[in-house]
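Using the hints, put the two standalone chains together into the complex.
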Amino acid sequence: NAGVTQTPKFQVLKTGQSMTLQCAQDMNHEYMSWYRQDPGMGLRLIHYSVGAGITDQGEVPNGYNVSRSTTEDFPLRLLSAAPSQTSVYFCASSYSSGKNTEAFFGQGTRLTVV
Amino acid sequence: KQEVTQIPAALSVPEGENLVLNCSFTDSAIYNLQWFRQDPGKGLTSLLLIQSSQREQTSGRLNASLDKSSGRSTLYIAASQPGDSATYLCAVNDYKLSFGAGTTVTVRA
Chain X
1 NAGVTQTPKF
11 QVLKTGQSMT
21 LQCAQDMNHE
31 YMSWYRQDPG
41 MGLRLIHYSV
51 GAGITDQGEV
61 PNGYNVSRST
71 TEDFPLRLLS
81 AAPSQTSVYF
91 CASSYSSGKN
101 TEAFFGQGTR
111 LTVV
Chain S
1 KQEVTQIPAA
11 LSVPEGENLV
21 LNCSFTDSAI
31 YNLQWFRQDP
41 GKGLTSLLLI
51 QSSQREQTSG
61 RLNASLDKSS
71 GRSTLYIAAS
81 QPGDSATYLC
91 AVNDYKLSFG
101 AGTTVTVRA
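Sequences listed follow chains X and S, in order. All residue numbers for the first sequence refer to my numbering, where the first residue is 1 and numbers rise by one. All residue numbers for the second sequence refer to my numbering, where the first residue is 1 and numbers rise by one.
Since the hints were made in silico from the structure, they are not lab data. There may be inaccurate statements among the hints.
Listed below are the simulated DSS-like cross-link pairs for lysine-lysine, each with C-alpha atoms no more than 30 Å apart in a straight line [to be verified]:
hint: 1; chain 1: S; residue 1: K68; chain 2: S; residue 2: K1
hint: 2; chain 1: X; residue 1: K9; chain 2: S; residue 2: K42
hint: 3; chain 1: S; residue 1: K42; chain 2: X; residue 2: K14
hint: 4; chain 1: S; residue 1: K1; chain 2: S; residue 2: K42
hint: 5; chain 1: S; residue 1: K1; chain 2: S; residue 2: K96
hint: 6; chain 1: X; residue 1: K9; chain 2: S; residue 2: K68
hint: 7; chain 1: S; residue 1: K42; chain 2: S; residue 2: K96
hint: 8; chain 1: S; residue 1: K96; chain 2: S; residue 2: K68
Isolated chain S, as found in the complex (with noise of 0.2 Å):
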């Protein structure tokens, strides 16, 4: 059984400091790795994908990097707002979505 931890569940940051947000997978056989930012009270959005084959993947100011052989993946966001303040899910594709507990991120003003 796929088993997904996320670290740290909590982190609280001045704005403008980078955030490292940390996910771990024991079984590097999957498809993809999926990041999700959740907002209190609403759903999932997806940030990034990852394939298997790949070895990181950009938009904006996140960047997620996959080592599947270490059975890690790194969310990076750079120059971090108050706007980046939310709950972040990672979620490892192999056939079904196993998700993490998730990082709840405070970025303070």
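Isolated chain X (complex conformation) (with noise of 0.2 Å):
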């Protein structure tokens, strides 16, 4: 049981390229979201699925793009990556949205855009 998986661990982009960050989850949770986190900021909401083919924008969306084809997978998409965009991305999964729900993380992404 592998819980969450991001890949890559590390990224460095040129900016105005575009990049697919990978996630992936085993525990069969319908409930899936993306957060990036910036220093002293907290993390913040940027896409989220509650199950297969359901997407809807969080609190920081722009430049970022989602779907959601299967169960498992919950890849983000930075269309044309900005240096705003350096950051460090967290995918999260939970069984579902409401109570009784606990959230589990991967590892994080850890984006460079020079």
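Now the structure itself:
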């Protein structure tokens, strides 16, 4: 049981490049989400999904796209990377978004945009 | 919009002292509150989950309380050890998780 797996762990991009951060969970969780963590600001929600085929925007969605074609996978796409997207990205999953739901996090992807 | 605040931002204590970490939130209509530990350069490890109907939750040396009416939660760590040095984050679940900025704890040997 691997939990939540994120790849890659580290990435350097040039401004304007695109890339996809991968997230996979093996707990059959319905709810998955992406956060970014910046110094002194806590984690902020980018996008989330309540099940396959259903996604919605969080607090800071601009510049990011998501899709959820399977229960297990929830990739995050950066369309045209900007230095402001330098951050640590975390993927999380939980059984649902309501009560009795413990959230589990991946190990993070540290992204630098130069 | 839910606002979550953690005070203090940093804390340094000698080994053996009890730790008290505070978390406050603005909207009491929550499903649950979760405490996490984060080591430098690592992901978040779940420590305790308190449901909205609970007043406290315990796991080993850790005890977390929840007072929804006042919008507060406190994490107590008894008899601190150098291995407890980390950043502690609280997250409030009102359908989405809202995080505080964390308290960075240093336990001096």
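- Message: Name the hints, by number, that the structure is in violation of.
- Response: 6
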